[in-house]
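Participant: Protein chains in written order, with the UniProt record's numbering: chain A, 1 to 371; chain B, 1 to 371; chain C, 1 to 371; chain D, 1 to 371.
In case anyone wonders, no lab produced these hints; they're calculated from the structure.
Among these hints, one or two may not hold up.
Listed next, the in silico DSS-like pairs over lysine-lysine satisfying Cα-Cα at most 30 Å (straight line) [stated by the list, open to error]: (1) K349/A <-> K179/A; (2) K291/B <-> K315/C; (3) K291/B <-> K137/B; (4) K251/B <-> K251/D.
In silico contact screen, one side only, chain C against chain A (beta carbon under 10 Å); selected entries [to be verified]: (5) L80; (6) Y82; (7) E170; (8) G254.
Yeah, the Cβ is synthetic: ideal placement off N, Cα and C, and Gly gets one too.
There are 4 protein chains.
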Amino acid sequence: MNHYDVGIVGGGIIGQSIAYQLAKEGLAVVVFESNRIGKGATSAAAGMLGANSELENNDAFFSFAKESQRQYHKLCEELLQYSQINIQLVDNGMYKLALTDSEAESLQHTTKHHQAIEWHPKDIVLNNEPNVTNEIKGALYIPEDGHVSPIHVCAAFAKSASHFGATILENTPVQRIQKVANDEYRLSTPHANFTCEHVVVANGVWSNYFFNELGVQSGLKPVKGECFSFQSSEIHLERTLFFDHCYIVPKGDGRFVVGASMVENDWSTEPTLGGIQSLFEKVIPILPNIKSAKLLETWAGLRPQTDDGKPYIGKHPTEENLYFATGHYRNGILLAPKTGTMIRDFILKRTQQEEYVNAFSLDRKLVKMMR
Amino acid sequence: MNHYDVGIVGGGIIGQSIAYQLAKEGLAVVVFESNRIGKGATSAAAGMLGANSELENNDAFFSFAKESQRQYHKLCEELLQYSQINIQLVDNGMYKLALTDSEAESLQHTTKHHQAIEWHPKDIVLNNEPNVTNEIKGALYIPEDGHVSPIHVCAAFAKSASHFGATILENTPVQRIQKVANDEYRLSTPHANFTCEHVVVANGVWSNYFFNELGVQSGLKPVKGECFSFQSSEIHLERTLFFDHCYIVPKGDGRFVVGASMVENDWSTEPTLGGIQSLFEKVIPILPNIKSAKLLETWAGLRPQTDDGKPYIGKHPTEENLYFATGHYRNGILLAPKTGTMIRDFILKRTQQEEYVNAFSLDRKLVKMMR
Amino acid sequence: MNHYDVGIVGGGIIGQSIAYQLAKEGLAVVVFESNRIGKGATSAAAGMLGANSELENNDAFFSFAKESQRQYHKLCEELLQYSQINIQLVDNGMYKLALTDSEAESLQHTTKHHQAIEWHPKDIVLNNEPNVTNEIKGALYIPEDGHVSPIHVCAAFAKSASHFGATILENTPVQRIQKVANDEYRLSTPHANFTCEHVVVANGVWSNYFFNELGVQSGLKPVKGECFSFQSSEIHLERTLFFDHCYIVPKGDGRFVVGASMVENDWSTEPTLGGIQSLFEKVIPILPNIKSAKLLETWAGLRPQTDDGKPYIGKHPTEENLYFATGHYRNGILLAPKTGTMIRDFILKRTQQEEYVNAFSLDRKLVKMMR
Amino acid sequence: MNHYDVGIVGGGIIGQSIAYQLAKEGLAVVVFESNRIGKGATSAAAGMLGANSELENNDAFFSFAKESQRQYHKLCEELLQYSQINIQLVDNGMYKLALTDSEAESLQHTTKHHQAIEWHPKDIVLNNEPNVTNEIKGALYIPEDGHVSPIHVCAAFAKSASHFGATILENTPVQRIQKVANDEYRLSTPHANFTCEHVVVANGVWSNYFFNELGVQSGLKPVKGECFSFQSSEIHLERTLFFDHCYIVPKGDGRFVVGASMVENDWSTEPTLGGIQSLFEKVIPILPNIKSAKLLETWAGLRPQTDDGKPYIGKHPTEENLYFATGHYRNGILLAPKTGTMIRDFILKRTQQEEYVNAFSLDRKLVKMMR
Ligand SMILES: Cc1cc2nc3c(=O)[nH]c(=O)nc-3n(C[C@H](O)[C@H](O)[C@H](O)COP(=O)(O)OP(=O)(O)OC[C@H]3O[C@@H](n4cnc5c(N)ncnc54)[C@H](O)[C@@H]3O)c2cc1C
Ligand SMILES: Cc1cc2nc3c(=O)[nH]c(=O)nc-3n(C[C@H](O)[C@H](O)[C@H](O)COP(=O)(O)OP(=O)(O)OC[C@H]3O[C@@H](n4cnc5c(N)ncnc54)[C@H](O)[C@@H]3O)c2cc1C
Ligand SMILES: Cc1cc2nc3c(=O)[nH]c(=O)nc-3n(C[C@H](O)[C@H](O)[C@H](O)COP(=O)(O)OP(=O)(O)OC[C@H]3O[C@@H](n4cnc5c(N)ncnc54)[C@H](O)[C@@H]3O)c2cc1C
Ligand SMILES: Cc1cc2nc3c(=O)[nH]c(=O)nc-3n(C[C@H](O)[C@H](O)[C@H](O)COP(=O)(O)OP(=O)(O)OC[C@H]3O[C@@H](n4cnc5c(N)ncnc54)[C@H](O)[C@@H]3O)c2cc1C
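So that you can see chain A by itself, here it is in the shape it has in the complex (with noise of 0.2 Å):
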């Protein structure tokens, strides 16, 4: 039988995050992913859990990912239990670099507002992290913005929610979501159509077909992403390298992860060469023995993109038992733990915290980002 008590739409890391946390509660949850779970954006990213080092505003969404990367630290263990599967969360911080004076100036400005970020000037950084050009002109040092491994953080999310009774459906691309009865919606697969109690949208930069579909006024746009990995047995680094956009993640198993291009409205999913070499041409002037490490893979994402920067994270706005949650650009591997547990106090109607809701919500007033 095709009934469940809530259908998500999309199996990347925010809807697993989702199925995980209504299907502990015991709700009866199947997530339709059309590829294979994780596969997309997520698979892409980086994971750097950056509360600190991206957001720029102490604002609502600035709480609400502190939060979300606080959670971390207790999910690493529950999903190691329940999935037994490690999500290689690394806490050794990060340094975003100043490379100019008057970044150097701006960045030490941030550091009156945050308690948890100090300022490294030019001699302490390149004694820490001994690899980075010395024409940097200090950084600033952010203990707390860690990364985790996404693929295995959707992974251990995605077995932790079968494991509590979630069904989760690869190859099953949602073409249409229909309200069929008062409480009832219907899903269409090219399988089988679906009947669900609630319906959420988390299908990333896809979604954009659903907002349209079902009458939301706003939408997504793509920010195409390109990485590539490499290996060096001369290069030692300690903490995340932040700079301009762009960053080096030293992973727990030897490779270093550099990201990332921002390609706007490309829907493509394969790194092309000028995307790789403009991160080539970043990322020399920074880490100069790199020229003669490994390169190892290269790839590239799909950012889903709303039009201030800040997810939606709610209801639809007219329709009842219609969520979205979805437009995490930058940062849904640091939010991906919060998304879940706000969904799922909409669907169990638990109180949320007022604030959030409205940061959120999809008929906010949207105030066009700057970039």
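Fit chains B, C and D with the ligands to the given chain A structure using the hints.
Facilitator: This is chains B, C and D with the ligands only, laid out in the frame that chain A set:
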């Protein structure tokens, strides 16, 4: 501008064959592919052109298949010219093995109807293919049933189509097809909407959704097929071996492809342990020294099966300018060339062979296939 | 300049463990690896730390193995610190399954000698691991036999060694080892010759050549092992399952590793069809729903086997400063830590435990292993 | 029994070409390959048959290369027959581009000596290859310089050799070659020792070791070459483009291969970030829309370079029955056929062309190449 003469849903070998024929005639063609071109059943196929070995009745379907098979010889050169891709046509024929006396008898029987087929007694077979088990009773020799590389054919069609101006959109699933005006269809995708004068539904087993959605009674079921490839310096095979829905194809790159299991109603596209094991069990008795061969890769794909085992190539029962080209089941590689020219002739309103139009029409009377 | 204190031939887990221990003591170390580090047996291993499950006698070999197993807990943190690589230590124990009554009896018997082992009757086993066949008779529960990721351990040793100044030369086969002066050996490679004061032969089964060449009576034979990995949302296993030289290891990344065949005197390193089939046949009765699991990868490696099944860790019988550390057969991952410290102690002339020196010496009296 | 007429050290394209020619003559041949066949420089090569484009003087080397190039046409059919492997011979010629006026002049000059070469002015080039930058000044058109797939050629030689009874031992490094009797050499490997009447040293750049070991003055140095492949529906190229030691080869499978960097004295076989970047920088100005092409793979290999840039194909200066066939530098694919027949003729004591014997002899007077 998002308007085209013809929109083709599905970028497998069928969609690309159609795109090629129409673009060559100067039409403005767009192909929508949800993943990458050829990543559906096409890339899983062994590529046999088994007109004689696969089809059992001397009917319209058989003549269609033979015509399609013959087209490959000309296509091979044509596609090389436009795309520079070599489709790896190999024309050494096939042995359909008899493992029991009764099989031998029934195979020998078929030589009466087919001129192009000979019976080879056991000693000749073993002389020609010394690696085959001497438990066989003889084999049908089918010189015309060669093979191609499906993924190369598909890529060559696509590149040749784009040579003639076709637009091929990867990573672009069609979510919905709607008639919006007398001679205009709207195709909705997560990126954008497109309008097309003609639409061809050619997305393999996933076409099933559009049968429902567009009000066609019939439909498709997947029959999953699992395969593996191996390599061996000891095994020399000149001809394809065929036995009990199973085959061993000596490819022109030194690999041998073995296929394929038959799993009904399974929509997953990864090989299972049980599926691969069942192939091992079938193939070891036929080619005993395969046990020491190097196992290379395993994979799976979904054959789009119709109720009577014949494809749907034709018009929508009531709507104008809406075509289907799907359901090619076990023989889509073989049938791709002729499917392309047949759909072209529909759209260009050229005369068609009546018997083919009837045999593959969407509202033909279905006689359930016996399996 | 090509002179070093210690030259280590072979960059598998054994060579890297030794390099790490010596570099940490300040010696100038060079590791020669003909291919890439860890690409020999090390990368093929399942990574079980099977001190209790693999070894049958309560002898010196057993104590050595237990010490090595325990070292992993400290190493895990140490290597993370120096290399930032997480060796994926999982410590959930193992079930050694009894499939017949007589096996049950003999396994129960072993609990008498080993404190760290418990007998679990069938119902407890099935309660703890519900995916196991209910044909079993019970199982030995071995809480101390966990597992690591061999390739990560090897990479972590290598990176930590290079952190302490060791030179690691990939793509550099040692062709010949010659004594050129009283305390100098020349190691010839296609690139250049190197001189070293001490030499450690640690190139796995390929060490066999240097036994002959350097006049040692004993030698090594390969026992090829074939493996595969699978994935399944339905199968949950907490503990490693062990039965009949075969095992299923639930890795911390969601994959399960199944191994391994035992093929004597086969030097090839690719899995054969027959080898993988033999694993399928063994494993399906134990874990019936494995048939629908996704088959991921297959691979093979060569276990370096000695005549009595124990490794050679010690000095050349007559030449000074020439050491062997090889022949670790089925347990090189388990034994790597302690092998590293033992060779370190030889070279630094520290006191050793006599019983280990004797047990693993090159001129011990060999008692042929019964298999 | 481990005795053979001829032992060939190295299973790259050179070793396999020799093995094929000798096995076809009925000799008992064994090939020793330390890794898998073709995994050295052979698998890294682009496969150009650049007799006219690569060689600058109208000397013996040039005639040898032209003869070898011509042999490919016959070999193509022959190898298909014996091995069923298609070597992917493509014969659309090459454009050697002039980027400056002075290059244009010097290239035009070469047409005087070479009949088979034409000068194409800019407009003709752009007409034939519209994707090329219009910054070029014209190009030399070299119709005879086609290309093959090196790994398929190597596999086809190997399979054809084994068809004629040759033994090919993968995973079998030769550690040492010793003369043990008047007409007997012993080849030692980790598995076993072998005796052979004739020995051919053909292990690419790694032959360097045997030059030293066997008392030959000369030697080899690696020149590492890094490559990448890309795919693009927008780029159509019919001919290979060649410019400044760099090339873009349109392969018959839809990929384009771009090569290759030139890194002297680097023995590593993985592409570095700096190497790939240097290719990007060279190729983007030539083919501007390459920036949006999909980057597929990157790889590297070692060209075996001699002091004067010509291969060593001949006898050991003093020892009987000991041959070298190595040092093929940038052109080993091109030169493989003729190298095979030349070594065959040495061993079978057939007459040879004197000028070739002299040109490639081991004790020729070396004139250092200018680079
Ligand atoms: C290069 C790059 C680097 C990044 N780095 C970071 C980082 O370091 N830290 C961080 O926090 N974030 C990072 N991100 C952002 C992060 O990856 C995304 O915000 C996050 O993965 C979004 O998750 P998702 O589940 O919403 O989308 P996705 O992972 O894209 O998942 C959506 C899923 O829906 C499926 N789907 C699509 N259509 C349908 C349909 N019709 N029916 C069913 N299923 C469907 C898709 O196949 C896909 O699996 C990065 C992104 C990129 C591209
Ligand atoms: C194991 C196996 C072996 C086979 N061997 C042979 C053989 O030897 N000879 C032979 O003739 N045939 C063989 N076949 C059959 C043959 O592969 C198929 O009949 C043929 O590939 C069908 O082609 P297609 O283009 O219709 O489908 P597909 O190749 O499946 O292409 C359909 C495409 O549509 C895309 N798509 C799906 N939904 C959408 C959407 N909503 N919007 C846009 N795109 C969409 C998919 O991603 C896919 O790429 C074999 C099949 C299998 C599985
Ligand atoms: C299928 C399988 C499963 C296994 N499972 C386990 C397990 O679960 N637990 C466990 O403890 N053990 C296991 N083992 C055993 C374990 O893998 C080995 O004992 C261990 O890897 C041996 O390490 P090594 O460094 O001696 O050899 P290797 O890892 O083989 O390393 C030797 C290295 O020497 C290099 N080399 C060779 N010749 C030369 C030369 N002339 N010059 C320079 N370098 C050279 C090789 O390239 C290689 O990298 C398993 C083995 C196999 C095959
Ligand atoms: C990037 C690149 C591009 C190139 N492009 C072209 C081109 O377009 N056209 C062209 O003509 N040429 C090209 N070349 C040159 C060509 O690849 C080489 O000249 C040719 O492959 C040399 O063949 P080989 O058999 O001598 O060496 P290899 O292919 O290197 O084979 C030597 C073999 O010996 C094995 N071996 C090593 N040591 C031992 C041992 N002790 N015992 C046993 N086996 C051993 C190795 O594993 C290897 O497989 C290119 C080379 C590179 C690197």
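Participant: A separate judgement is required for each hint: does it hold in the structure or not?
Facilitator: A quick look at each hint next to the structure:
1. A threshold of 30 Å between alpha carbons decides the hint, and for K349/A with K179/A the separation of about 21 Å falls inside it, so the pair holds.
2. The straight-line distance between the Cα atoms of K291/B and K315/C is roughly 42 Å, outside the 30 Å bound, and the hint therefore fails.
3. Taken as a hint, the K291/B and K137/B pair is honoured in the structure, with Cα atoms around 22 Å apart against an allowance of 30 Å.
4. Of the pairs offered as hints, the one joining K251/B and K251/D holds, with about 18 Å between alpha carbons and a cut-off of 30 Å not exceeded.
5. The interface hint given for L80/C is met, as the beta carbon of that residue sits about 8 Å from the closest beta carbon of chain A, less than 10 Å.
6. For the restraint placing Y82/C at the interface with chain A, the shortest Cβ-Cβ distance is roughly 9 Å, inside the 10 Å limit, so the hint holds.
7. The interface hint given for E170/C holds, since its Cβ lies 9 Å from the closest Cβ of chain A, which is under the 10 Å cut-off.
8. Nearest Cβ of chain A to the Cβ of G254/C: about 5 Å, under the 10 Å cut. The hint holds.
Taken one by one, the earlier hints fail for this structure only at number 2.
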